[in-house]
Amino acid sequence: MLATPRASPSPRLFSAAIHSFSLRPNSNTASSVPFHVVRCHFSSTAARMAPPKSAYGFLDFVNASPTPYHAVATSAALFEKAGFKLIRERDNWASVVQPGGKYYLTRNGSSIVAFAVGGKWKPGNPIGMIGAHTDSPCLRVKPASKRNAHGFLQVGVELYGGGLWHTWFDRDLSVAGRVLVKDGDGNFVQKLVKVDKPILRVPTLAIHLHRQSNFDPNKEDELLPIVGLVEKELNKPAAAEAAAAPEENAEADADFQPLKAMTDRHHSQFLSVVASAAGISSASDIVDFELILYDTQPSCLGGLNDEFIFSARLDNLNMTYCSVRGLINSVSSNSSLENDPSIRLVSCFDHEEIGSLSAHGADSNLLPAILRRLSVIPSLNADSTETTPVSETAFEQTLATSFLVSADMAHSVHPNYAGKYETNHRPEMNKGTVIKVNANQRYATNSPGIVLLQEVAKRAKVPLQVFVVRNDSPCGSTIGPMLSAKLGVRTLDLGNPQLSMHSIRETGGSWDVEHAIGLFKGFLEMYGGLEAKIFID
Numbered sequence: 250m251l252a253t254p255r256a257s258p259s260p261r262l263f264s265a266a267i268h269s270f271s272l273r274p275n276s277n278t279a280s281s282v283p284f285h286v287v288r289c290h291f292s293s294t295a296a297r298m299a300p301p302k303s304a305y306g307f308l309d310f311v312n313a314s315p316t317p318y319h320a321v322a323t324s325a326a327l328f329e330k331a332g333f334k335l336i337r338e339r340d341n342w343a344s345v346v347q348p349g350g351k352y353y354l355t356r357n358g359s360s361i362v363a364f365a366v367g368g369k370w371k372p373g374n375p376i377g378m379i380g381a382h383t384d385s386p387c388l389r390v391k392p393a394s395k396r397n398a399h400g401f402l403q404v405g406v407e408l409y410g411g412g413l414w415h416t417w418f419d420r421d422l423s424v425a426g427r428v429l430v431k432d433g434d435g436n437f438v439q440k441l442v443k444v445d446k447p448i449l450r451v452p453t454l455a456i457h458l459h460r461q462s463n464f465d466p467n468k469e470d471e472l473l474p475i476v477g478l479v480e481k482e483l484n485k486p487a488a489a490e491a492a493a494a495p496e497e498n499a500e501a502d503a504d505f506q507p508l509k510a511m512t513d514r515h516h517s518q519f520l521s522v523v524a525s526a527a528g529i530s531s532a533s534d535i536v537d538f539e540l541i542l543y544d545t546q547p548s549c550l551g552g553l554n555d556e557f558i559f560s561a562r563l564d565n566l567n568m569t570y571c572s573v574r575g576l577i578n579s580v581s582s583n584s585s586l587e588n589d590p591s592i593r594l595v596s597c598f599d600h601e602e603i604g605s606l607s608a609h610g611a612d613s614n615l616l617p618a619i620l621r622r623l624s625v626i627p628s629l630n631a632d633s634t635e636t637t638p639v640s641e642t643a644f645e646q647t648l649a650t651s652f653l654v655s656a657d658m659a660h661s662v663h664p665n666y667a668g669k670y671e672t673n674h675r676p677e678m679n680k681g682t683v684i685k686v687n688a689n690q691r692y693a694t695n696s697p698g699i700v701l702l703q704e705v706a707k708r709a710k711v712p713l714q715v716f717v718v719r720n721d722s723p724c725g726s727t728i729g730p731m732l733s734a735k736l737g738v739r740t741l742d743l744g745n746p747q748l749s750m751h752s753i754r755e756t757g758g759s760w761d762v763e764h765a766i767g768l769f770k771g772f773l774e775m776y777g778g779l780e781a782k783i784f785i786d
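Add 249 to the 1-based position in the sequence shown for this note's numbering, that's all there is to it.
To be clear, the hints were calculated from the coordinates, so they are not data collected in a lab.
One should not assume that every hint holds.
[Said to hold, decoys possible] List of simulated lysine-lysine pairs, DSSO-like, C-alpha gap at most 30 Å: (1) 369 - 395; (2) 334 - 369; (3) 351 - 302; (4) 735 - 369; (5) 334 - 431; (6) 431 - 509; (7) 468 - 509; (8) 369 - 330; (9) 351 - 735; (10) 680 - 710; (11) 710 - 369; (12) 707 - 371; (13) 351 - 330; (14) 446 - 468; (15) 446 - 431; (16) 302 - 330; (17) 395 - 509; (18) 707 - 369; (19) 369 - 782; (20) 707 - 680; (21) 302 - 334; (22) 302 - 707; (23) 334 - 395; (24) 351 - 782.
[Stated by the list, open to error] Beta-carbon label-pair distances, calculated as ranges: (25) 536 - 700: 51 to 59 Å; (26) 603 - 553: 33 to 41 Å; (27) 537 - 401: 24 to 32 Å; (28) 399 - 432: 36 to 44 Å; (29) 587 - 536: 45 to 53 Å; (30) 432 - 782: 53 to 61 Å; (31) 587 - 510: 51 to 59 Å; (32) 450 - 700: 46 to 54 Å; (33) 421 - 640: 52 to 60 Å; (34) 667 - 536: 47 to 55 Å; (35) 587 - 675: 40 to 48 Å; (36) 340 - 432: 16 to 24 Å; (37) 671 - 642: 37 to 45 Å; (38) 783 - 608: 32 to 40 Å.
Yeah, the Cβ is synthetic: ideal placement off N, Cα and C, and Gly gets one too.
All chains should be modelled from the sequences, with the hints used to inform the complete structure.
As structure tokens, this is what we get:
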């Protein structure tokens with residue numbers, strides 16, 4: 250029954266630095282959202298190579314982004330800082346988007362697209378693209394989450410994606426996402442929320458009561474977090490209860506709601522915690538929300554030489570961050586963009602983990618609609634302000650000459666299960682980004698794409714690896730094949746190697762962040778010049 254307590258790390262060996270910053274409000278954020286980023290590392294007296302600064306940049310990014318909404322807001326803040334201008338799909342871009350400009354837009358607050366137009370752009374020219382996704386497998390709070398059982402308050406959750414759900418047990422969980430509130434003018438506005446305090450836990454059953462060797466919990470009844478005790482809910486101050494519930498003596502017409510009140514669908518104290526974290530004066534002001542459970546343990550570097558990243562949501566915020574940073578780094582030199590005949594674009598979609606078939610997933614019209622609008626951006630004549638006439642086939646010409654790098658995390662070889670990997674294709678951490686190949690087109694990679702990326706990597710001086718799944722093993726997929734088929738654009742699938750994919754806590758390589766950023770920067774800078782050198786059709 251009793252276990253020997255595990256000794257805590259010596260204060261001399263462990264250090265943590267806490268940083269706070271706020272995101273700039275944008276069209277999807279009603280107010281600045283504070284984030285507390287914890288960087289943790291173990292000191293060592295042994296000589297070692299320090300991890301790259303980009304690894305710490307990723308830690309800041311992923312710790313600030315527990316949900317797709319936060320990932321988009323954090324990306325938008327990075328683009329704003331780099332001089333990108335916010336535009337909207339609903340607006341006319343004719344007088345706004347011009348050669349030499351940098352822009353970004355969002356859809357649903359959970360997908361983001363950013364691009365920089367080369368100074369020598371002409372209608373029908375190529376677009377170099379990187380595609381990633383902002384979502385990860387998780388547990389989402391149900392629309393009616395109020396549950397009670399045997400003295401415990403519980404929160405009903407819905408499974409999102411294909412997670413390793415047993416890893417969610419016995420973790421210090423909290424919630425984050427977005428809430429919709431009604432302001433004084435009668436408008437409904439979105440506020441991002443992140444509850445920093447652990448408030449939920451999915452407890453395992455004691456080994457004394459479960460002797461089976463397998464652990465396969467029922468996902469509806471046994472993957473249900475506890476959030477408090479019924480006694481505490483019953484004994485909370487009457488004033489708080491009154492504030493959370495609607496006035497019973499109000500007129501019937503004023504009280505009518507098509508759906509049950511939020512306080513009828515969710516525990517009132519749970520709503521109060523969410524409202525407080527969102528900066529809302531009263532829980533009764535919350536009209537609706539989309540909340541996601543997340544692990545409150547911060548992402549950090551690990552290993553004897555800080556060669557590992559221990560983190561949630563590596564799949565796929567690692568590739569999202571590297572894509573965003575790659576685009577920003579590629580335009581840090583004005584002369585580079587001024588002489589570029591192409592457009593450099595990054596698109597980070599929501600809903601990849603559930604198939605991408607949504608209004609803001611990769612299988613939507615988001616990227617095709619943007620490419621159509623970009624393909625006809627007029628170029629400026631060198632000696633005048635007159636524009637060059639646009640061909641009726643500019644969109645089709647752009648698609649035929651463009652290229653998409655589909656960036657989604659890859660598998661590192663597992664030292665304990667090396668037999669699960671094809672003998673000659675066992676990617677290693679910190680040895681470079683992994684090109685993913687599948688003969689059955691689960692990945693869209695082909696030889697011309699490999700040749701292109703090899704040339705980029707050679708010039709950028711970053712390593713690459715190749716992965717092929719075993720013939721007796723199933724193969725995953727990502728946004729590459731669907732976008733390639735939808736657009737007819739040449740595509741290559743790749744990703745940084747990681748362990749424990751879809752676990753609540755994954756492991757990646759700290760140097761692979763630097764490798765991917767360098768690769769993406771090089772691709773976006775070089776594609777305009779390399780496109781014509783690899784000619785097939």
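Each hint tested on the structure:
Of the supplied pair hints, the one linking residue 369 and residue 395 is violated, its CA atoms being roughly 58 Å apart against a limit of 30 Å. For the proposed pair residue 334 and residue 369, the alpha carbon gap of about 20 Å is at most 30 Å, so the pair holds. Our distance criterion of 30 Å between C-alpha atoms is met by residue 351 and residue 302, whose separation comes to about 25 Å. Taking the CA atoms of residue 735 and residue 369, the gap is about 28 Å. The hint holds against a cut of 30 Å.
Between residue 334 and residue 431 the CA atoms are separated by roughly 28 Å; this keeps the pair inside 30 Å, and the hint holds. Pair hint residue 431 plus residue 509 holds up; C-alpha atoms about 17 Å apart against a cutoff of 30 Å. With a C-alpha separation of about 26 Å, the suggested pair residue 468 and residue 509 falls inside the 30 Å cut-off, and the hint holds. Distance check on the hinted pair: residue 369 and residue 330 sit about 24 Å apart at the alpha-carbon level, within 30 Å; holds.
Distance check on the hinted pair: residue 351 and residue 735 sit about 26 Å apart at the alpha-carbon level, within 30 Å; holds. Restraint check: the Cα-Cα separation between residue 680 and residue 710 comes to about 12 Å, which is no more than 30 Å; the hinted pair holds. Taking the CA atoms of residue 710 and residue 369, the gap is near 27 Å; set against the 30 Å cutoff, the hint holds. Annotation: proposed proximity of residue 707 to residue 371 holds, straight-line Cα distance about 28 Å (limit 30 Å).
For the suggested pair residue 351 and residue 330, the alpha carbons sit about 12 Å apart, so the restraint of at most 30 Å is met. Between residue 446 and residue 468, the direct Cα distance comes to roughly 25 Å. Compliance with the 30 Å bound is thereby established for this hinted pair. A hinted pair counts as satisfied when its Cα atoms are at most 30 Å apart, and residue 446 with residue 431 qualifies at roughly 26 Å. Between residue 302 and residue 330 the alpha-carbon distance is near 18 Å, which keeps this suggested pair within the 30 Å criterion.
Restraint check for residue 395 and residue 509: the C-alpha separation of about 12 Å stays at or below 30 Å, so the hint holds. Straight-line distance between C-alpha atoms of residue 707 and residue 369 comes to about 25 Å, which keeps the hinted pair within the 30 Å bound. Distance check on the hinted pair: residue 369 and residue 782 sit about 18 Å apart at the alpha-carbon level, within 30 Å; holds. Pair hint residue 707 plus residue 680 holds up; C-alpha atoms about 14 Å apart against a cutoff of 30 Å.
The suggested pairing of residue 302 with residue 334 holds, with an alpha-carbon distance near 26 Å, which does not exceed 30 Å. Distance hint between residue 302 and residue 707 is fulfilled; the C-alpha atoms sit about 22 Å from each other, no more than 30 Å. Proximity of residue 334 to residue 395 is assessed by CA-CA distance (about 42 Å); at most 30 Å being required, the pair is judged violated. Simply put, residue 351 and residue 782 have alpha-carbon atoms about 27 Å apart, close enough for the 30 Å limit, and the pair holds.
A hinted range of 51 to 59 Å holds for the C-beta pair residue 536 and residue 700, which are about 53 Å apart. At roughly 38 Å, the beta-carbon separation of residue 603 and residue 553 lies within the given 33 to 41 Å, and the hint holds. Take residue 537 and residue 401: their Cβ atoms lie about 26 Å apart, and the range 24 to 32 Å holds. Look at residue 399 against residue 432: about 41 Å separates their beta carbons, and that is inside 36 to 44 Å.
Under the hint 45 to 53 Å, the C-beta atoms of residue 587 and residue 536, about 47 Å apart, fit the expected range. The beta-carbon spacing between residue 432 and residue 782, approximately 55 Å, falls within the hinted interval of 53 to 61 Å. For the pair residue 587 and residue 510, the beta carbons lie near 57 Å from each other, so the given range of 51 to 59 Å is met. Checked against the hint of 46 to 54 Å, the C-beta distance between residue 450 and residue 700 comes to roughly 51 Å, which is consistent with it.
The supplied range of 52 to 60 Å is met by residue 421 and residue 640, whose beta-carbon atoms lie about 58 Å from each other. Restraint check, residue 667 to residue 536: a C-beta distance of roughly 52 Å satisfies the suggested window 47 to 55 Å. Take residue 587 and residue 675: their Cβ atoms lie about 43 Å apart, and the range 40 to 48 Å holds. Checking the proposed 16 to 24 Å range against residue 340 and residue 432 shows it holds: the Cβ atoms sit about 23 Å from each other.
Our hint of 37 to 45 Å for residue 671 and residue 642 holds, since their Cβ atoms are close to 43 Å apart. Distance hint check: the CB atoms of residue 783 and residue 608 are about 35 Å apart, consistent with the given range 32 to 40 Å.
Hints 1, 23 from the earlier list are contradicted by this structure; the remaining hints agree with it.
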